Amino acid sequence: AQSVTQLGSHVSVSEGALVLLRCNYSSSVPPYLFWYVQYPNQGLQLLLKYTSAATLVKGINGFEAEFKKSETSFHLTKPSAHMSDAAEYFCAVSRGDGNQFYFGTGTSLTVIP
Amino acid sequence: SAVISQKPSRDICQRGTSLTIQCQVDSQVTMMFWYRQQPGQSLTLIATANQGSEATYESGFVIDKFPISRPNLTFSTLTVSNMSPEDSSIYLCSVQGRSGANVLTFGAGSRLTVL
Numbered sequence: 070a071q072s073v074t075q076l077g078s079h080v081s082v083s084e085g086a087l088v089l090l091r092c093n094y095s096s097s098v099p100p101y102l103f104w105y106v107q108y109p110n111q112g113l114q115l116l117l118k119y120t121s122a123a124t125l126v127k128g129i130n131g132f133e134a135e136f137k138k139s140e141t142s143f144h145l146t147k148p149s150a151h152m153s154d155a156a157e158y159f160c161a162v163s164r165g166d167g168n169q170f171y172f173g174t175g176t177s178l179t180v181i182p
Numbered sequence: 004s005a006v007i008s009q010k011p012s013r014d015i016c017q018r019g020t021s022l023t024i025q026c027q028v029d030s031q032v033t034m035m036f037w038y039r040q041q042p043g044q045s046l047t048l049i050a051t052a053n054q055g056s057e058a059t060y061e062s063g064f065v066i067d068k069f070p071i072s073r074p075n076l077t078f079s080t081l082t083v084s085n086m087s088p089e090d091s092s093i094y095l096c097s098v099q100g101r102s103g104a105n106v107l108t109f110g111a112g113s114r115l116t117v118l
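One line per chain: the protein sequences are L and U, in this order. Residue numbers for the first sequence, in our numbering: 70 to 182. Residue numbers for the second sequence, in our numbering: 4 to 118.
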């Protein structure tokens, strides 16, 4: 069985500060892990994905995530928050065959000017 | 990645009525997926729609409540039948990405409010 847990449904950071959004996964098979972003009134957009290659994955808009098997984590970070980063962020896990994706409950990021 | 158009983008409906959501993709895809996004909850897969066969429903979802059509490789519809306020949600269409099966691309969603 697979699942993800996102710690913190709401995160607020100051503009220019570090962004850290937490995701822990559970998987009985080597997982494929994803971060998606959803801006208001839009669909989900892929930020980055881990598919068993490099453990540090770089995505769009300056975001990156590190796969840590020992901690079963895939936290999302960005060194310096920008106002445009305010959105809902979802972590997801799949088996890699494209047939089943499991999403976290989402973290709403607020950036304070 | 594929471009997905969904309509309506939002609607307000009366209890007991039905609403059909349309999903159009700009390229042919084998599988299309319908998700429900309820406030404060995870995205939940409703069903997988394959062209030429009946949709495959996840546990907790039934065809009578959420009939799905998939007439061709670029189009699908999801109907929410006999709606109640508990059906108020965002319904999302998605497809596997062109870069591989292990990525999902989503439409903008259809926000449904049932009074």
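Think of the hints as simulated: they come from the structure by calculation, not from any bench. Remember, it's a predicted structure, so these values are computed and weren't measured experimentally. Any given hint could be a false lead.
[As the list claims (entries may be wrong)] Here are the simulated distance ranges between beta carbons:
1. V6/U with Q169/L: 22 to 28 Å
2. L76/U with V98/L: 27 to 33 Å
3. S149/L with C16/U: 40 to 46 Å
4. S62/U with Q114/L: 23 to 29 Å
5. S84/U with E133/L: 27 to 33 Å
6. T174/L with R18/U: 24 to 30 Å
7. P74/U with M152/L: 39 to 45 Å
8. V6/U with P182/L: 38 to 44 Å
9. I181/L with E61/U: 36 to 42 Å
10. A123/L with S84/U: 45 to 51 Å
11. P88/U with P99/L: 26 to 32 Å
12. I181/L with N75/U: 46 to 52 Å
13. Q114/L with L76/U: 41 to 47 Å
[To be verified] Here are a few chain L residues that face chain U, going by a calculated C-beta distance under 8 Å:
14. S97
15. Y101
16. Q111
17. L113
18. L115
19. A122
20. K137
21. F159
22. S163
23. F170
24. F172
25. G173
26. T174
Glycine is no exception: its CB is placed at the ideal position from the N, C-alpha and C atoms.
Unmet hints by their number, sorted upward, for this structure: Hints 5, 8, 11, 13, 14, 19, 20 are the ones this structure does not satisfy, whereas the remaining hints hold.
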